[in-house]
Structures are given as C-alpha cells and as structure tokens.
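Enquirer: Each chain is listed here by its residues.
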Amino acid sequence: MIGSMRLPRRTRAGLSINALLVYVFLYAPIVLLVVFSFSDNRNVGQWGGFTLDWYQEFGDNESLQRALWVSVRVALWSTVISVVLGTLAALALERFSFRGKKVFDGLLYLPIIIPDVTMAVMMLLFFSQALDVADNLFGVGWTKGIETITISHIAFNISFVSVVVRARLAGMDDTLEEAALDLYATRWRTFRYVTLPQIAPGVAGGALLAVTLSLDDVVVTQFSSGPGATTLPVYVFGLIRRGVTPLINATSVIMLTASIVLVLLSLLAQRSSGTAFAGRGHTEPDRHDPLPISQKETS
Amino acid sequence: MTVLEDANDGAALRADAEALVATPEFERAAARAESRRGFLLALPAYAYLVLFFALPLVIVFVYSFATRNQFGGTDLSGWNVDAYRTLGDPIVRNILLRSLWLATLTTVICLVLGYPFAYYLATRTPTVRNLMLVFVMIPFWANFLVRNYAWRVLLGRDGLVSDATELVGLGPREFLFTNTAVMIGLVYGFLPFMILPLYASIERIDGALLEASRDLYASGWQTFLKVLLPLSRPGVVAGSILVFVPSLGAYVTPEILGGAKTTLLGSYIVTQFLTARNWPVGAALSFVLMAIMGAAMIVYFRNEGRNL
Amino acid sequence: MTTSAAVEITGITKRFDQVIAVDTMDLTIADGEFFALLGPSGCGKTTTLRMIAGLEFPTAGSLRIFGEEVGTLPPNKRPVNTVFQNYALFPHMSVVQNVAFGLKMKKVPKAEIADRVREAIGLVRLDGMESRRSSQLSGGQQQRVALARALVNRPKVLLLDEPLGALDLKLRQQMQRELKQLQREVGITFVFVTHDQEEALTISDRIGVMNEGELLQVGEPEEIYEHPANRFVANFIGQTNLLDGTVESADTVCLANGARIHAESDHSPGTRVAVSLRPERASLHAPGEAPDGMASVEGSLQQVTYLGNALVYSVGLDWMQLEVRSENRPDIARLEVGDPVTVAWRPGAGTVVTD
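In order, the protein sequences belong to chains A, B and C.
First residue of the first sequence? That's 0 in numbering that gives the first Met the number 0, and the numbers climb one at a time after it.
First residue of the second sequence? That's 0 in numbering that gives the first Met the number 0, and the numbers climb one at a time after it.
First residue of the third sequence? That's 0 in numbering that gives the first Met the number 0, and the numbers climb one at a time after it.
For reference, chain A alone in the conformation it holds in the complex (with noise of 0.2 Å):
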C-alpha cells in the first residue's frame, strides 16, 4: 500500500495538472470526434450547426450497410465458435492435466501476443497455400471470404476467451464439484447444475469481448477477406486513405459507442454477483443465538 505522502505543494499542483491533462489528451479527440459528427458543414473540425444528416447518410449508404452487416455475421459465427472451443480448452486447462498440456497452453497464448501485422500475414499466405491446395485436389474454386476472415477471428477469439474463462475457474472453489460428485451428480450434470453457473459471467464476459475484437479487427481481416466481403472496419480504413468527410465521423462515432458499449457489458457481466468469487463468498457475522437444544443443555 504506498498510501499517500504529504508533498510539497509545488509537487503536488504538478501532479494534479499531469493528471488533468493526461484526461484531457485521452478524451478531447474522441468528444471533438462525437460533437463535429453533428455539425453541419462538409466541412470536417468546423462547426455548422447541429443536425443528423450524416447520420442519416449512415443508413443510406449500401456500402456501408453491406460492410456492417458483414461484420456482424462474422462477429456472431466467430463468437459462437471460439467460446465454445475457448471454454472447453479453459476447462481442460484448469481441471485436468494431460500429456502436452504446457504445449497447449503456450500455444494458446500466442494470439494474444503475437503483432497485428505478422497474424495477418501468416493467415494470408495459409489461405493462399490452402485454396490453391484445394483447388489442385478436389477442384473446388473456393476464394477468400467471408469464411476465410471467419476462420482468422476464430484463431484469436479461442484464446481471449479461454483466458477470461481460465481466470474465472481458477477463482472458483473446486470443492463445490467434488460436493456435487458426493451428492450423486454424474460429471456431466455437475458442470451443467454447479460449474457452469459459476462460471457463466466468465463466459458472458469473454464472449461480449470476442464479439468486441472481432468488429474492431483491421489488419487481419484485411488480409483475410477476399472481393465482395468486407466488414465495416477494413472499408472504412479504406474511406479514410481517400479522405476525411462527414459520413466517416459519422461511422466512426456508432462504432465508437458500440465498441464502448460492449465492453462496458463484458465488465458488467464479469462482476455478477451471486457466485462464490475466489472460494471467499461473503459470510454473515455469526449471532450467538442460543437454539432450544443449547438452551436445555447449559440450564
């Protein structure tokens, strides 16, 4: 605990300022961003008057729409996907022990590490090799797209949420399932009735953040989609090299606010209360209510 130290009053002013300011950079881009979303002037950094046309132009862009709704699939498929194959992996790391199980888990932490760019590349080339591959063996012309980025969202979706899983089942009083084992529940129902709703708000928690990398995802998706599937965020990238307009800060503000949005949830869902967090759920202070039997015995 370092707790708090008086300081001389030079030091402690310089300190609030770097702090305010610290506050200042952070935020002063993204509420400049949201506010000139609103403003009426082609004229991007300057103020017109309020109005909701960009927006408007939002909806009505095909484009734009057909890059969303992309974007939204993948998030769905990839998301289903990787929480289940995450959770299963989490489970297996954390309850059982297994012959290249330090092996596994090495390789499950090198999505969360390795560089944006290098995973691009590496799915690139492996879809590149794959299709040719499967083009010269069956014949099928398949071509990059909405699978390929699918595929490429799963790899590093796994492992987000195996580690948010891994850390909630770390946390969890293991006795629990021995004691549903003693009261007769086959492994099965002891992780349906007794694991699983202790580790649902991980779950939860992971999926929403699956959901969160994957409509953020740029590089990767990029050199993971082919023609005529792209997401939302790899279009607009392309929109911005081209220039700066009112519709990209309209864009740039929904996907701002979902993004924000979706992890706001995932917190929320990770802090549920109701489940005995780290084996040391609350306990009520004991009263020393004398029962009718003590009663009897210390008369």
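None of these hints come from the bench; they were simulated from the model.
None of these values were measured; they are calculated from a predicted model.
No false leads were slipped in.
Partial chain C-side listing against chain A, Cβ under 7 Å, derived:
no., residue
1, LEU54
2, PRO74
3, ASN75
4, ASN80
5, THR81
6, PHE83
7, ALA87
8, HIS91
9, PHE100
10, GLY101
11, MET104
12, LYS105
All C-beta atoms in this analysis are idealised placements derived from N, C-alpha and C, irrespective of residue type, glycine included.
Since chain A is already given, all that's left is putting chains B and C on it; use the hints.
Expert: Relative to chain A, chains B and C alone:
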C-alpha cells in the same frame, strides 16, 4: 430404505465385489482415463489452433526462404536466405531503424506522461482510484481505428490543432503525414498500456519506505530517483514492453497519420504483399518482427521472475 | 456377506508419487458410531476420509460399507455423503435448492423431495431460511445447511471433514453438542475428522489416532486418554509428562537418573520406554512426605503458573522438567518457588509407553 438400493445397483455391486478392490493398476487406469478426458476436452481448440495458427506460422517461416519470381508470384523451390539479406539493404535498414526509433520515443513519452499519472492515481483513495481507472480505460475501449481517425481529423489542415496554432500566432500548421503525427497517434493508442502496469506496481510499494527516505533527509527528487523508481521497476519494464512491441509493428496508425516519408516496418511489410508483391521478403520481415517481440517477452519474463 | 460394521477398512494404502499418505490401514467402524479420526496436519486422516467418500481411490486394499466393496466406485455411486470443511454450499442456489440437490440427482419424485427437504431443514433448525443464499448466512448457519444437504439423502455413513474448524470457540462448542445430539437422533454412523483432540474426546464414541499415515490407536476416549498406546498418542492427547527409562521388571522401571519407580508393564526387561504421567494425576508434597504406596521422584519447584481454576507447578528434576496440575482450592497448601519437593502418584496412574 435408501434410494440407492434399487435392485440393479445392489446386484451389480455384489457380483463385482472382487473387481472393486483397489489395486495400483486400477489407480493408474483411473488416472489415465482422467487424463484422456482432459485431452479430449482440449482437442477441438488444440486441433483448431494447430491447423489455423501454428501451421500458418510455419508457412510464413517457409515462405521467408522462398524466392520472388518475375511475375510477383512466389517460387517455393530452391531455398535461400535472400529475403533475410534485405535486412542489410539501406532502404530496409532505414525503415527498421526508423521504426525502432519511433517505438522507443513513443515508449519514453508514454513513460514520462504516464509515470506521474500512475503515481497520482496510486495515491488517491480507493473510490477515487477506481473511478479514475475506469475513466482512463473508456477511451481505450473505443475502436482503435476510430481513435486514430480522430487525430486525423484534429491534425488536418482544417483541424482544431491547426486552429489552435493559428490562435497563438504560429500560423496554420498541418501536422499530418509526419513522424510527429504518427508518434502522437501511437502515444494516444498505447498510453493506457503504460499507465496500468505502472499503477499496479507503484500501488504495491510500501509507502513507509518513501517516508523513511524523506526522514533521512533525502529531497523529493532524490527519493524519486533512488527509492520510488527502482521499486517500481517491474511496472516500468512491463509498461515499456507493452508499448514498445505494438508500436514497433504498428500499421493502422502510420497508415492513417503518416505519409510516404514515414514508412514504418508494419506498412512496409504490408506493401510487400499488396503492391510490391515480394512475399518472401514480407514473410521474412514478419518473422523478424515476431522475433523481436519474442525477445522482448523473454526479457519481460526473466525480469518478472527475478522480481517475484 | 453383510456384516454389521458400517465401514471396514482392510489393508488400505494410498500413495501419491513417492509419498505414502496412508500406510496399510485396518479399521472397523461400527454401525451407529460417532467415530473420530484424530491427528496432526498431514497425518492422512483427511485422505482416509476422502477414500471412504470416493474422492480418492486407494492404491491398494479393501474398503467395505456395510459389507459391500466400494473401494473403486466413484463418489456418486456410494451410499455416503460428506460435509466439507468449507461447507461447499452452491452459491448460486438457495438453501432449499442446495439441500434438494442430492435428491434431484437421484431423480426422487418432486413431492417426496419437498417433504424430505422440509424435514431436513427442520432437523438442523433452519426453518425460515429456505430462500436465502449462502452469502446471506452466518458460518454456523452455512454449516447446518451442509449437514441438512448431506443427511436428507439418508446416507449409510456421514463423513465430516473438520466441519467446525472455521467457527469461533463458543460457537464451536455449541455445535459440538448439537452434532452429538443430532447423531443420536438420526442414528447414522458419523465419521468425523479433526486435529483438535479436545473436540475428539468430547464428542466421539471412539477415536482413531493417526500420525504420518499410520493408525496408532483406536479406542474410546477414556481408553485413549488413560492408556495411550505409545509416546505420540500420549503426547498428542492432552498434556502429559514423559519420564524416560528402561524396564527393569514387570513392575519396575528404572528412570534416566537411576531412580526406580513402581510402574507396571509387560515389556521385556531392558526395553526403552517412557512413563506417561498426566499432570493432574500427580500431587506435590514436601520432601519425604509422599504417602505410602505411591511412586515418586524428588526435585525442586521452579515455577508456579496461575490459571484461574488451576495451578500448574513446574518441578525441575535432574534431567527434565515435570508438570503437576492441581485445582486452585484455598485449602491446598501453596509451596514456594525454590523449595525442594516430592512429586507423587498412584502407580496405576503412570502408563508405560514405547515409541
């Protein structure tokens, strides 16, 4: 009497009485069965990652030894390290050095900005602390693309930064497409990565040590240099690595905020695949990037271990 | 085939890698007994309990419950239930749901579940708490829920793993009484693990003392206390003085300082033994004033400790210190520190023990 005494159970128990006596063989078999169950649970994710992660990684490695043929395709026969030799190429070397320099600068700035902030944060009351932490994280949760885009707007010719410099009489300035812009974007993107580990590390320090230092006539500055800073080293190392590694491989930020004059490693790698069509070089450089990241991780873990 | 023994352990051994947690144990627990497994941490008592429950499989040996071999059955197929040390209540379920869990797993009809759960909750006197969750209950209440949850299944044997450890002293004593009463009411065999020897002496019908994987002695509390089988048991249960010496004859032991005292044993002469003497069995006298027929040693009074309801005298003998305990009654003459004294006891009060 008990619900367990249904006929089937009873008969089965009596018939297998002999088979139910414990033996070392049974113990081993039970352990093996348990192990198998665990493996089966892990198998789907394991198989998926081997196929769609480990294999692609190997492919990158293989491609880095291939040759670029005249049409921009890749010739996988014939192994050579030509792709890696490009590291000696002045262009590539420049890019590499520029990227390393920028990443280092970003890290230092994040440290300078983040350390006082982390200290301030760590010395607030718990409620204030938690509130402040949440507010530091909220911008961080916003879409990464959007966060860079916001600076693109700000730093542009009609952007607010230009308006501000006009106000102070420096004339309209466009910071876009410069190293500075990229650096601002990187610092903006990764500052929370510096603040959090720093905060965690500083918070754990025993305040009595700092007080003791003051008690022994050390000035504030001396206390900082000789007591606070060394004690918070784990946080400094962790934060630095968490900022340095992604900054080095940054792609989106330089693409949005940088220009042709400021090509960084991430962008260069991407062009190998999209325009220059020199996949072996792209693969080799990706691998180098990953190797640098791996080295940084090893440094981090060695450091962690020593300080535990 | 069916015997009346609730639990029959024959030759049970449990090995974890190189460590032998339980070494070839033989034990029989009778039907309706309140049996305590007592020993220091790491002695193997919890491991033994877990093997009865099925949470561990023995490495070797036979484990029978009412005559039926269950050693290799998984826990969900055994007619036993466990009350865990930390209660292990399901936090996302209410009291009623917790108690009903085992019955639900056995697919008991809903109406019957409701009746039996009500009965069990009444048995542990938790009426009114049905819809609460464990975080809304005190430690003592949680423990009752754990009991109800186990007993509602009418197990043939109830296992309790140090269930009172987390309670404060007063509550623990109250729960000890209630557990004893409960066991008598329900009539089921209770197997209770504890490291608190006072607790074991208070509530059990019989005690099994364990150390380092071995079962050292099994017997009724009085038997264990008065006639410990060896040094460890003598030392572990209550307080005792251990006077080292060698057996000289069937009724004499030669102490380390050469003094010969009256102590009966059937060990062969020359065996190295110790005479275990409980502090409250000895009395202090002025030198030479020890009553006839008593065993005695000479020493000097080093310290008097005032305990409120008792006095403990530390007497220094040539080669060791002895403790004598006497009630704090005003009529007992108080001796002064430094005085030479004689410590005396009835010969039968000293038990000869080997290692």
